[in-house]
Structure formats: C-alpha cells, structure tokens
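Undergrad: Please dock the two separately framed chains into a single complex, following the hints provided.
Given next are the chains, with one letter for each unit.
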Amino acid sequence: MTTPAHMWDETYDVVIIGSGFAGLAAAIEARQTGASVVVLEKMRIPGGNSAISGGLLAIADSPKQRQDGIRDSAEMMLSDMIKAGMGLNHVSLARMVAEQSADILAWTINTLKVKYKPQLNHLGGHSVPRTYVTDSSTGSGIIQPLLAKCREMQIPVQMKTQLTQLIPDSKGRIVGVEARSDYLFPRPNSGQVRRFCARRGVVLATGGFARDIGMRMTQDPRLNEVIDSTNHMGATAEGLLSALKIGATPIHLSWIQLGPWASFYEKGWGVGSMFTLLAGFPYGIMVDANTGKRFVNELSDRRLRTDAMLFQDRIPVAIVDSEGVKNATTLECCLKQGVVQAFDSIEELAAANDMPLPALRETLERYHLSLARGRDTEFGKPLSGELKPIEHPPYYSIRLQPKVHHCMGGVQINTRAEVLAITDHQPIPGLFAAGEVTGGIHGASRLGSNAIVDCLVFGRIAGQQAAKSSDI
Amino acid sequence: MIENILEQLDERLSCALQRWKYHLQHSGCDEASFVHRYDAAKAYNSLIALLRQYTSDKPLPSVDRLSEQLQQNQCFFITIAREQQTHGSTTAMCLCFIKSLRTVIEEQLGEILSTETEKNLARSLLYRVCDSIETAIVADVEQRNIQQSYRDLQQLNRQLSREKSTYESIFEATSNIVLLTDEEGMIIEANPEAKVFFSGRKLLGCFCGVVLGICDTSLDDLLLQTPPNRLHEINLKRDGFPQVFNLQILPLDQTSLSSQGVLILLSDITCMADHRQALEMRVAERTRALANSEKMLDAVFQSVGKGILLIDSEREIVKANQQASEMYGIPLEVMVGTPFCALTDTDGCRKLTQISESLPEGERQRIEVTSLYVDGTTFPSEITMTRMDRDGQRFWPVIVRDITEQRALEDGLRAEKLQSEEMNVTLRNVLKSIEDDRRKFEQDLNQRIRTGLLPAIEKIRYERESAVQSTYLDMLKGQLIALTTGFDSELDAEMLKLSKSELKVCRYIKAGMTGKEICDAMNLSFETIQTHRKNIRKKLGLRGREVNLHTFLANRNCHMDTPDNNHEPDSERT
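Residue numbers (my numbering), protein chains in the order written: chain A, 738 to 1209; chain B, 399 to 972.
Okay, chain B solo, but in the shape it has when bound (with noise of 0.2 Å):
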C-alpha cells in the first residue's frame, strides 16, 4: 500500500530538501535564496499529507474537483503561494516551485522500495494532486485578482458615485436657472430651479432659443446673437411680471472635445437692475445738482464786479472771469494758458512772483500793479493775491481792480493838499505884511503928528496975529489933508467947499447923466440945476475955463460921498 511508501518519503526528507534545492537551481528559477527552509520542510511534507489523504478515494478525484477542495480548504500551498506573491514571486516561479517538488518526490519514488504497481499508484496520484495544487494556486490567484479589480471597480464606482452627487447638488441646489442642451440646442437636461421657474411649458427636448425668448432658429443663430462665454442681460417675464437675468452660454466641447451642446446659465438681477436704475437716477440727479451749483458758482464769479484770475503753479491763468477779460481787453479763450505776466509790466511780474513764492496758504496780499490793456495802454490796478492748496497742487485766486479812477482822485486830492498848503504859505506871508505894512504906517504917523501936527498947534495956540494964525491954520490943515493921501476916502479940500446938492449933482454929472435926467433924479427944476452948476464951477476953480465938468471929475478920482449920504429925498440947500 501507498501508507509504505509515503513512510518511506518521511524520512527522506533532508535529501529530498537536498535534491530540490539542486533542482530549483539548476531549472533557472532561484527560489532557494528565499524559501525557508522550515517552509520547504513543510510543503515537502504538506504534499506527503495530501497525498496521504487522498490514498483513500477511489478513483481519484478530477483536477477540477480536487484543486477546488484545497481552495476551499486554504491549503498550504495557497497560502505560501499567496505568501510569495506579496513578496514578489510571479505566478509562474510558484508553479516551478511545485513542479520541482513533484520532481524531487518522482526521483524519491524511483529509489523507494516497492512493487511497481504501489509505485505507479503514487504516481499517479502525486501527478493528480500537484495538477490540482497548481491550478489551484492559479485559479486563487485569479480570483484575487478579480477580487482586487473588483474592490477598486467598488472604489472607483463609491468615488463616482460620491462625485456625481456632488455635481447633482450644484445642480439642483444652486439659485440660477441652469439649462442643459445637445448639440442642436435642444433642452435635455433643466435644474429644478428652471423648471419652478417655466413651470407650465415644457422644458425638455424644446429649442433653448425659444425657451429664452432669443431666437428660433437654429443654436448657430443664437451664439451669433448671444455670443458664448459673454454676460448679456434679458428680460424673460415670470408671472406676467419682466425680470432681468444675466445670461451666460457655455459649450460644452470646451471642456471636453467629445462633448456637445451647450449649458446654459441665467442670474436673477432684477434687484441690481432696480438697484442700478435708482442709482442711475440718483447719479443723474446728483448731476443735475452739481450743474446747478456749477452754474451758481459760475454766475457768482461773472457777477462779482471786479475781474477774478485763477492762476496755477506755473503763473499761467487756468480761468477768468468776463469782467478781467473786458479789464485787459482779451478774449477769455486766449486769456487760458497765457502766462499771468504777459497782462503786467516787469516790475509787477517780479512782485507777483515774490509773492507767489513766498506766500502762506490761506494767506492773502494785496499790491497795486501796472497793468497791461491788449493794445498796450497801461493802468494803474491793484492786485489781491490769494493762495489755495487742492489735491497738492498751488493756485492762486487774483482779484484785479482798476484804479485808474481811485488813482485819479487821490491825486487830484494830493494837489489840491498841495495847494491848500502853498496857499497857506502864501496867505500867511500876505497877513505878515499885510501886518508890517500897518506897523509901519502907525510909525510913520505918529511920527508925522509928533513932529509936524503937535508943534504947529502949539504954534497956533500961541501966536495972537489972526493973519498968522491963518496961514499956520492953514498950513495945519493941508497937512492934515496930506495925511489922508493912501487913504480909500481921499479928502478933497475943494470938494469940501461944495453943499450937499451940489455933490449930488456932481455925482450924477459923473455918472453921465443928462441935465434932464438929472433934473428927474433930484425933482428939481432945471433952472435950479444950472445955478447948482454954475456954482460948482464956481467953486472948483473951473469958471472962464473951457472944461466939462463930466471930464473933470471923473478925472478927479474923488470920492464923493457926503457923511450923511442916504435915500432921502434931497432938500435944497443953498
């Protein structure tokens, strides 16, 4: 019986182990470097086992069969195969591995003692189990093998799986109204959001361009009028009332070349658009107010009587008023950009530049200039120069004022000062000699009286001859009359003889009266003028003489009025 030979096959166990490390070498496959040597032990002996446990069954099981029941049992060499193959060990170098210990046990079985028969039953049957064995080994690898594909298929599926949801609650969780079409354009896909929203008509297999109220033609029309990846704005209308989306066509065949059609998107904007249009009109009002404003300031600067100048950091003028282009003569237009000195003379372009450097900002000078009219004329102004600070540039407001005017008058007041001031001088002189004058006069009368007056009434008073004492009268009253000479009132001593009528006349005489007026004037006869006449002849010395008594007078530069001369009417007096 096999029991014999299998016995037999224990205990040759070291040569066995010997002869197969030999084989092993020599068929090419170099397992011996990492086969245990316990573990070859063991399969030596695991393969006795089976073959001893097989020894029984008559007949044989088939290789199917029997390579079956040591994959279920997880024999040995599963498991060692399976051992192997994590650490590299092909399929095919674990088949070596027992088609070398079959050989090693064939060898063994030659050199066994037993009869023929028993040998060619161990035979057999140790062909029949190493088929078995090593079809069971590949057939555990291959069913890992499905085993692993399978597990990552799961993974990949669970992954997917995980992945596709992912996309499915964008889809259907997102706000905007996402639209998914084929290559025609046709709807196939509608987010549920979409379909809330064209709840009551079709969405699916439906022309998108029509959906959106684009066009209806074809989906090449609708990215000509809609080009893709753009944001357009459309109105669609929900409920009757307009809402404003923004559009946006994607192709799918950007992403991936075989893909087709088309996903569509549209955003909800009705609130910026209501937004957008109330800022709209907001900006617009706010435009509105600020040309307003513009205008007032505006007005404000062409009324304001004087001429403004708003100059810049480099003293050119940036804008002015109707009032400093009418001052200078210069159309505003050609007054933009001119340097301010261009309007000055040298002097006030120095000045103006001074201060311009030397100015503090908010501070304001005021200088009075010469200043240019276009035709070269110049005038007298005065200049007040602001300075202001914006945006961390330098301007300066000027106000110009003409004082062509101001200047005139002050000067004319100066002069007249001027004059005043002489015509003090001068009147003072004329009092001081006016003064003098009367001194000297008072000298020169006391001494007149003093030494001829005085003397000559002492003579008087002592003399006793008449005769005498009238020539010294006399001479006393000529003197006395000298002494009038100078005087306004000259006192003629002829005149003196004549009455009061007779001066009259001779008034009227030296008027140029006729006899006739006369006689009117003094309502007296004419008779009566004639004898006054005569007796004025009479006592001027004049009779025999041929000389009109008109001439005569009025070469006589006297004074004809009586002290008690007046309105009265005149009485006769002879």
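Chain A extracted, bound-state conformation (with noise of 0.2 Å):
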C-alpha cells in the first residue's frame, strides 16, 4: 500500500456501505470468514428502504409450493424475468437470483429465525404463486434479525456516517473510503471527515435514487417532484454517483420503475401497498373511477400497469370483497387510517368514489363471465381456478397513485459481485457491490418480491468475495 498507515482513522478488513439487506447480508458473510467489518449508514436509523419494504420474497420451487402442488422452477422463474425485463436482464446475474432463491430463503429461516406467513401469494407478472411474506408484512421482520446476528457476531453498524468518496490508491485498487461522521441527512457537509482503510475490500450496498428528483428526472424526465415515490427520503444517488466517478459501468439508469399498488391518501408506501398487493389486484378488479370500466390486467407487469394508470387522466380504484380480503394482511391498519374503505353495497361504493353505478355494475358482470369461463379475454388477467366473482359485501375500495418505487439501473457487475470499470470491463479491484445499487438483473421492470432475494444473493456473494479479496 502506497498510502501512509497515518492517513486512516478506523482500519477495517471489508468495509460495507449501507445497512439494508444487502449491506448486513455481506457484513455477515465477510465476518463469518473472520475478517474485520464494519457497516456504515448515512441515516439515522439502520435499514433504509428495506426496513419499511413489504417483506415479499419470490422463490422458485420452494417448500411451500410443493406443499401447495405448485410446479414451479428456477428456469420459469428466470423465464418470467426476462419477460418482464423485456431481455434487457444479464441472464447470468438473473439466472443467480432464480437459481439461489429457495438456499436463500432456508439460510433466513435457520440462520436468522425469521418467521414467515402460511401462504403463498401470486404477484404480477409471475406465472406461478410463489411469493413468501413475513409474518409481520414488513422488511423489519428480516432486518431485525439480520441487525440482532450483526450485534451477535460484534459488527460495528455506524449511523449517521455518509460516504463521500471511495479512495483508490495509484494502482486503481479502492483501499478505503472517505465518510462524514455525525452526519446529519440531508444537510450537506454536516459532521466530521474521517477515512476507513479496507484492507480487502469495499462493498457498495447504497440502494437506489427514487427520491432523488434531480436524477430522476435525468434519466426519466416524466417522473418531476408531482410524483410521489415510495421510498424512504434517503433513497438519493450520492453511493451510486461515487461509483461512477472511479470509473464504474452505468446500466440501465433510465429504466425507473413505478408502483401501481400505492394508496392516493397516503404518503410514500404506507400501509395501503400491501392491501392492493395482497388483495386488490389478485382478488379484486382496477377500475378508472371516470369510467366505471377496468383497464388493465390487474396482475400485468408493474410497467404496464403504472402506464396505464399514470399517464392517462385516470382516477385508479381497486374493489375488492370480503372473500378476497382475507389475504390482505393489513386490513385493520388500512381501515384505521382510512386508506381503505368498506361499503355494504355497491351501490354505496359506486356513490362515495363517484363512479357511474350502472358501468361498474356491467364490468362486475363482465369479470364474472370471465371467471366463468376462465378467460379474461379483454385484458389477459390470468384467472386461476380460486378466484371467486366480487359479490359478498363488505366490499373494499382504495383509490391508487402510481409512485416512484425502484431504479432497476446501477454499476454493472459479474457474477461474483465485483464491480466493471467502463474503460475495460474489467473489475476493479477491491470494489463490490450488491442490491438496487446495481443494474442489470431486472431489465426493463422488475418483478414484485424479487428485490429482497436479489439483495440477499448477492450480498453474500459480494461479503464472501470482498472477505477474500486482496492485493495479490
């Protein structure tokens, strides 16, 4: 090393950016190896976007779906994938995600104890059900464990330490990172300069940029600051930006994807996301309030939905009724905090959302001709023989608002979470990284619940390989 021992505060074998799934995924893999880590978290409070996310995890051929006789695979789910990426996905980091979904899923249940719900749920865009949800429907339910296994193995998590720069010494190898201590988000230049040495390896695990305007609208000059998004306020792009300025590769920053599922009365991913996810879309129909009429496959990709819904004047409502809801695990909290709104009639319904009765009252006709004979032929909602029609009252409603959700772009990496310069695609030494902070494994749009499992997979890849990773 070329760098005077002096010029380094706190000296660490792996140093991890971020403390979202990815980041305490990799600080435990890399300090199972023995290595010195420590994790820093710009906010005040650990977890970022994945502590408040709905804790869904799509896994193929899991042990739930054979229970449930449902034939699933890691090439279908690579083949929805891609669909839904529209082929822009790099197969082979796709590929991971599909292949490492059900190990995975048994390294959280016996490793950090984290406890799931008895179904499956079918999200859009997948051709089977395959969606775990925890037992509390939150993120929280795997990042307390995960923060509880990183204080259990002594892992420093420091809050309010924000990444200014990674420094790479003249060699191109990063060796460490400059960071401002008592950092206050989001005042800029707030708290103290300090520089971690990371002797093997850094990993980056920022997040995305969705509450970010100003690269939003960079990339995505529809999505201005009308838009809401649902994600924490931290979710901003100075950890994706470091990366770029030392060279690495940018994929896919354009491709921004919006939720459909979010409550018009709420702020950010509230409580109302889940109901619609759960319920709304695959029990219940999406009609335009103007029209009385539905207008798109409720079960569609994100992207197809959101078009819809976003960009054509439309008042977006789910109805549901009280067979469908049973699968909504935040029911009480939506109808506490009036997001949700129950209705002894249709009637009722139609009236307190404004929607001509006699058109709503055909399109329910037409849905359950549909359910009768398996086919939506208007707009292709895959009907499963479980669907009853939306007749027994109470009925739900919850008008939507498209908002921002999750950036599928980043830093491009390979299969062992190393990071690609632009000028040689090769990787940089010592840079990792892992999450939404990279692009490619989704494409186009990303598939609901996969997320959390791209995170976890490659955040132990990105911990395991940073923990061997050295100067030789």
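These are calculated hints, taken from the structure and not from any lab test. Any given hint could be a false lead.
[Stated by the list, open to error] Derived coverage of chain A by chain B (criterion: at least 3 residues anywhere in the stretch with Cβ under 8 Å from a Cβ of chain B; other residues may be distant): (1) 782-792; (2) 1000-1011.
[Stated by the list, open to error] Listed next, the in silico BS3-like pairs over lysine-lysine satisfying Cα-Cα at most 25 Å (straight line): (3) B:Lys-936 with B:Lys-902; (4) B:Lys-875 with B:Lys-857; (5) A:Lys-897 with B:Lys-717; (6) A:Lys-854 with A:Lys-1205; (7) A:Lys-1073 with A:Lys-1063; (8) A:Lys-1004 with B:Lys-717; (9) B:Lys-717 with A:Lys-1073; (10) A:Lys-908 with A:Lys-1205; (11) B:Lys-562 with A:Lys-1073; (12) B:Lys-908 with B:Lys-932; (13) A:Lys-854 with A:Lys-886; (14) A:Lys-1004 with B:Lys-693; (15) A:Lys-897 with B:Lys-704; (16) B:Lys-593 with B:Lys-562; (17) B:Lys-932 with B:Lys-902; (18) B:Lys-908 with B:Lys-936.
Just so we're clear, the structure is a prediction, and the values are computed from it rather than from any experiment. Quick reminder that beta carbons are idealized off the backbone N, C-alpha and C, glycines included.
TA: Dropping the structure here:
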C-alpha cells in the first residue's frame, strides 16, 4: 500500500456502505470468514428501504409450493424475469438470483430465524404463486434479525456516517473510503470527515435513487417532483455516483419503476400498498372511477399497469370483496387510517367513489363471466380456479396512485459481485456491489418480491468475495 | 152534455177506485202498495176536473199545447209524478198509473147513462187529456233531467274554473320562471316571471333550447344534454349580469299519456351560488389554516428533543416522532401499528400494562424501564405516560428519554461515593493506627529515659573518677543516639565529628560530583578539597582502607544537613 498508515482514522478488512438487506448480509458473510468488518449507514436509523418494504420474497421451487402442489422451477422464474425485463436482463446475474432463491429462503429461516406467513402470494408478472411474506408483513421482519446477528457477531454498524468518496490507490485498487461522521441527513457537509481503511475490499450497498428528483428527472424527465415515491427519504444517488466517478459502468439508469399499488391518500409506501398487492390486484379488479371500467390486466407487469394508470388522466380504484380481503394482511391498519373504505353494497361504493353505477355493474358482470369462462378476454388477467366473483359484502375500495418505486439500473457487476470498469470491463479491484445500487438483473422492469432475494443473494456473495479479496 | 157524464163519474168514485186497484194489480204495476187512497181519489177527481175544464173548448187543443199548459200550470199529475219519482218510481210506472186510470174511466163511461154522441165526445176528450198528461209527465221528467245536468255541469264548471284559477295563480304568482312547450319543444306558455326575465325577446313559438342557451337542435338533443327530472345548474344573463339558475325539465307525459311537451322550471340560485362560493372560500381558508396548524403541531412534535409516541387502547403505536424512531432504530412506518410492548422487555411491558389499566384521565406517571433497540441492544429509559380520553376512546401519550448517560453518571457518582466512604474508613483506621503508634512510642521513650538515661545521669553526677565518668558519658551518648533510631534524621555519631565544610564536601561527593566540580561549587582550590577529603577519611576511620568515599557515603544512609544549613557562601573551617 502506498498510503501512509496515519491517514486512516479506522482500519478494517471489509468496509460496507449501507445497512439494508444487501449490506447486512454482506457484513455477516464477511465476518464469518473472520475478517474485521464495519457497516457505515448515512441515516439515523438502520435498514433504509429494506426496513419499510413489504417483506415479500419470490422463491422458485419452494417448500410451500411443493406443499400446495404448485409446479415451479428456477428456469420458470428466470423466464418470468426476462419477460418482464423485456430481455434487457444480464441473464447470468438473473439466473443466479432465480437459482439461489430457495437457498436464501433456507438461510433466512435457519440462520436468522425469520418467520413467514403460511400463505403463498401470486404477484404480478409471476406465472405461478411463489411469493413468501414475513409474519409482520414488513422487511423489518428480516432486518431486525440481521441487525441482531450483526450485534452477536460484533460487527459495528455506525449510523450518521455518509460516504463521500471511494479512495483508490495509485494502481486503481479501492483501498478505503472517505466518509462524514455525525452526518445529519439531509444537510450536506455536516459532520466531520473520517477515513476508513479497507484492507481487503469495499462493498457498496447504497440502494437506489427513487427520492432523488434531480437524478430521476435526468434519467426520465416525466418523473418530476409532483410524483410521490414509496421509498424512504434517504434513497438518493450519492453512493451510486461515487462509484461512477471512479469509473464503474452505468447500466439501465433510465429504467425507473413506478409501483401501482400505493394509496393516493398516504405518503410513500404506507399501509395501503400491501393491501392492494395481496388482495386488491390478485382477488379484485381495478377500474377507472371516471368510467367505472377496467383498463388493464391487474396482474400484469408493473410497467404496464403504471403506464395505464399514470399518464392517462385516470382515477384508478381497486375493488375487492370480503372473500378477497382474507389475504390482506394490513386490512385493520388500512381501515383505521381511512386508506381503505368498507361498504355494505356496490351502490354505496360507487357513490362514495363518484363512479357511474350502471357502468360499474356491467364491469362486474363481465368480470364474473370471464371468471366462469376461465379467461379474461379483455385484458388477459390470469384467472386461477380459486378466484371467486366479487359479490360478498362488505366491499372494499382503495384509490391508488403510482409512485416511483425502484431503480432497475445501477453499476454493472459480474456473478462475483465485482464492480466492472467502463474502460476495460474488468473488475475494479477492491470494489464490490450488491442490491438496488447494481443494474442488469431486472432489465426493464423488476418483478415484485424479487428485490429482497436479489439483495440477499448478491449481498452474501459480495461479502464473501470482499473478505477473500487481497492485493495479490 | 158532458157535464152530465162528469157528474155521474164523480158519483162513481169509490167504484172507480176499486176498479182501478184491480187494474193496477193486473197490469203488473204494483202501485197499489204505495199509492195513497187519498191521492188516488184526488187523481180521479183531478182528471175529471180537467175534463170539465176543457169541455167547453172547441176544438180540442192539440196534445202539445195541452201538455204545455199542464206543465205550466203544474197540474196535480205532474206534482204527483214528481213525488212518485222521488219515491223511486220510474217514468214508466207513472204512465202506467195514468193509463190504468184512463181505462177505469173508460169502463165507467160504458156504464153511464148518456147518449152515444156524448159518450164519444167524452171519450175523445178523455183520450186527448190523458195523452196530454202522459206527454206532460214525460216532458217534465226530461226537463228536470236537463235541469239537473245543467246544474251538475255548472257545478263542474265552477269547480274547473276554481282549479284553473288556482293553477293560474301558481303559474302567475311563482317567482320561478315557468315555460310550457309542445312536443317539439316550442314554447307555448310562459308565466309572467318568464316574460319579465326574457323581456326584449320573443318567447312563444321559440325553441326552448335556444332560449336557455343550451342547444339549438331538437328537444331530444336537449333532453340528452340535460336529462329530465334532475337539477342542472345553468347560467343565464340578465341585463348583462350572469345569474345562476337551477334548471328542471319535466316531461308532461309523465302525468298523462296524451300530454305532449315539457314543463321547464328555472329557479334563481344566484344568491345561493354566491354564498356557496363564499362558503367554499371560507372552507378553503379554514382548511389552509388547519393544515398550517397541523404543520405547526407536527413541527413541535418532531422538534421536541425526546421521543414521543401515541399509544391507543389496544396498546399499539398510533403515531411517533423522529426522535422516537431514532431512539429505537425503527422506521416510523414500521412503528405505526406495532404493539408498544415490542419495544421493551417483559418487565417493562408488565409495568406499562399496569399503568394503562390504573391511570386516571389526565394523570401522569413516570417509570424507568429497559427499552430495546432494533438489534436487540437494551438501554435504560425513562417513560412518562399520560392518559388522554378523546371521543370515547383512550390514548396514552408517552414520552421516552434515553437515560443511558444519566445512568452512567449516577453509577459513577455512586461508585465514587462508595470509594470515598471506603477511603474514609481507611483513613480513619490509618489515623487510629498512627495515634496508637505515637502513644506506644511515647510510652517507649518514657520508659527508656526512666530506666536508662536518668539513672545514668545520676550515676555520672556522683562519680568522682573522670575515666569512669568518661565511660558513663560515652554510654549515655550511645544510648541517646540509639534513641534516635527510627527518626527521619538519624544522628550519625561519626558524622558529628566532621566540620561544616567537610560535611559540605561529603554532600557533594555523595551527589556524584567530581573534584573539579566541587572546586567550582565551593570556590576552593583543588588542594584544599583534597585536604578536606583526607581529613574526612581520617575522621570517619577510612584511612588505609581502599574504599571509595562516594560509595561509602552512599551506603551510609545518613542525613548530612547541618542545623545551620543555608545558601551562604561557604567559609573555611578547620
């Protein structure tokens, strides 16, 4: 090393930036090899988007699927990912996620003791139901065990520490990071500069930039400040930019996904998203309140749904009955907060939502006919045998608004989670990345419940690889 | 003459009545049951009276004329026919009554004594009169029916007129604009209010859609745009000022199938619309003010330096501020809906449950519990819980303070206090032991002096021989020196022999200084220093011994300060 020892304030083998799923999984794996590890988190509390997410994991060929007699495979999951991604996915990376999904599930259950609900869910774009959901219906159900494990393994997680730059040596190897301690988001230049030496590697797990309006609009000018986001306020682009500044390859940055399920009456992800995701879309219908008619396949890929909802002056409302809400885990909360409303009859629902009643009735009739036939000829929504007609009061409605949700793009990595340089497409020594900050896994559109699996799979790989990495 | 016949007829009344009764019964008109005998007699006599009346008329008047006269005179038969009709007899029955009377009289005539000519005359007169009576009765009945109908019609007319005038009043008096159209939508009626409002333009015969400014094509199109039986708001201009009206279109065929056209009602709601606008503005203002105060409240909520949580009656978190989120390491969204017990240990949970069950409204309680950070780390915290009742529901605002630092300080203070107390005890013990030592030493000293020194002095006093005295004195000196063992400054017998200068030299030597240095320090010549050294060696009994003075002095742990030790320049002493 050509940098003098006294320029570093703290020295570790592996320095990890970000305390979400990817960062904490990397920390645990790196520590497992005996390396000294530190996790740097810029916000005041750990977990970022991961902690507030819905806790949904898509697992191919899982124990529950076998129990329910659902046939699935990693190949099927991969093919679903490529279809949603419009073929833009880097197949080797996507394949890793699909193939390792079952192992990751086992890891969370055995090593972290995570608890899941007994039911499988069918999310949009997946050809079969394959989604597990944590008992608490939040990502905190996995973040909390991850943090407890870090404490057990004595991995320090430093809050309020923001990465300012990656530090390369004269040969271009990343040997450490510069960060601001006691950083108070969002005040730039708050706190004091400190330098952390990373003897073996740095893992970048800083997430996406859905809350960074400047960056959003640069990549997709339609996503201006009027459009809300489901993300936490810290989802900004500095981590990504620090990697791009030292020559990492940018991938798919303009593919920014909007989520179709969030409530119009809440800020961010809220409690309504899970309701729509688990009950509204799979077991109900979505209509335009102006016309009372459906306008898109409720289980289609997110991009198709949000395009139909956002840019057409529509007022999207999802409707589901008492049979359908059995699968909604956050119903009580939603009703309490007025995000979802209950009605004794369709007439009341139509009146409260200002919908033309005859048109709505016709829509329901046509939907029921489709159910009977087993095929939705209008919009192609997959109608499984267990779907029932919407006719059991009380009826529930939720007004929806698309919100910026996920950044499919980021830095390019290989299957060893090494970040690739744009000049020679070779790995930048000492730099690894995992999670939403990377690009290429999901292509044009990410399937719901694939993110956590992606973060955990590549987080662990990045941690293992970074701990093994050395100067030679 | 007929008079004769008539007289005879008069006389035959009772017989006639008999015969009449018989005839009535056999003709099927069962009048006998309710014809008064008196009336029957009167009828018989009246007929005869009529005959008498017209016997002198030559020629006999026509039936028409006769019946007219009878009617005019309201003859008895008409009266009785009317009476009978009110009792329920039909016209036919009345006629039957007359006819049978005629038959009776005819029969009487057959039996009367008179010439055939006179009988024939009488007969013709009878027929003529009876016909006339019958005609008159019928005509009277008809007349009366016509009169009744007329009266009924008049009444109906009056009623209609009344109603028409009621509707006319409404039509005229209402302050709403009322227009009536035909089936094509052309205005056929407009009330005065309409005429006033639309003054200056033709109403009747115009298409209503054009007048209302809605559509100018057809009534059907108009009804499509503004469906009937619903209220629509439209703007119409009066004198150039826009006014707002509620428009209602009522198709007339709703009431009656054969009616065509529509009724158009317009009610002026300009005032209400203005009020509504003012109201909307006020609501918008209030909403803004509310949003502002909410923002303020939120700002206060967030800026308070402690963690604040709001717990509901199910002990779940309803609201939390940023500080609380940071304290527990859990995002706000995840905290909302979580049971508060998840943030503390079992003991803490128990305490909090106890408080929530027993705390009266508006009261506050402060306790210390162990709280859990997101990764499982525990930290001591102070919880202040208040109970607040709102809309029949209970809420508990909770303030959380991380007292880790406070606890550390408290522990530190406690430890220090403990230490001080121990130190105190130790010091006291040390003092005591020092006291004890001192006392013991005093006792020792006393004893030595008493047992050794004082007797020795007495012995010396009484001793004459100087040699023995000298020995005793030496012994005394030795004992006195022995007394000083243990003192800091040990008196060295030998060192006492040295002079002040020699002691100084010793000090320098013990300090490790070289000869040269000592010369400089004492400002003496080297030879002088050497002389001193020689003398020192002699006095300390070191002559002839190969001993380094420095080492010797160092080993000798003696205190070399002379009583008058000071920084004056040294003076030579021998």
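Undergrad: All the hints need checking, so say for each whether the structure fits it.
TA: Here's how the hints hold up against the structure:
Residue count for the stretch 782-792 of chain A with a Cβ under 8 Å from a Cβ of chain B: 5. That meets the three needed, and the coverage hint holds. With 4 residues bearing a CB less than 8 Å from a CB of chain B, the stretch 1000-1011 of chain A meets the requirement of three and the coverage assertion stands. Taking the CA atoms of Lys-936 (chain B) and Lys-902 (chain B), the gap is about 16 Å. The hint holds against a cut of 25 Å. Restraint check: the Cα-Cα separation between Lys-875 (chain B) and Lys-857 (chain B) comes to about 14 Å, which is no more than 25 Å; the hinted pair holds.
The hinted pair formed by Lys-897 (chain A) and Lys-717 (chain B) meets the criterion: a straight-line CA distance of about 24 Å does not exceed 25 Å. Between Lys-854 (chain A) and Lys-1205 (chain A) the alpha-carbon distance is near 36 Å, which puts this suggested pair outside the 25 Å criterion. Between Lys-1073 (chain A) and Lys-1063 (chain A) the alpha-carbon distance is near 17 Å, which keeps this suggested pair within the 25 Å criterion. For the hint pairing Lys-1004 (chain A) with Lys-717 (chain B), the CA-to-CA distance comes to about 14 Å; that is within 25 Å, so the pair holds.
Simply put, Lys-717 (chain B) and Lys-1073 (chain A) have alpha-carbon atoms about 13 Å apart, close enough for the 25 Å limit, and the pair holds. Distance hint between Lys-908 (chain A) and Lys-1205 (chain A) is fulfilled; the C-alpha atoms sit about 19 Å from each other, no more than 25 Å. Of the supplied pair hints, the one linking Lys-562 (chain B) and Lys-1073 (chain A) is violated, its CA atoms being roughly 60 Å apart against a limit of 25 Å. For the suggested pair Lys-908 (chain B) and Lys-932 (chain B), the alpha carbons sit about 16 Å apart, so the restraint of at most 25 Å is met.
Under the criterion of a C-alpha separation no larger than 25 Å, the hint pairing Lys-854 (chain A) with Lys-886 (chain A) is consistent with the structure, at around 22 Å. At roughly 15 Å between alpha-carbon atoms, Lys-1004 (chain A) and Lys-693 (chain B) fall within 25 Å of each other, so this suggested pair holds. Taking the CA atoms of Lys-897 (chain A) and Lys-704 (chain B), the gap is near 18 Å; set against the 25 Å cutoff, the hint holds. For the hint pairing Lys-593 (chain B) with Lys-562 (chain B), the CA-to-CA distance comes to about 20 Å; that is within 25 Å, so the pair holds.
For the given pair, Lys-932 (chain B) sits about 14 Å from Lys-902 (chain B) by alpha-carbon distance, which is consistent with the 25 Å threshold. About 17 Å separates the Cα atoms of Lys-908 (chain B) and Lys-936 (chain B), which keeps this hinted pair within 25 Å; it holds.
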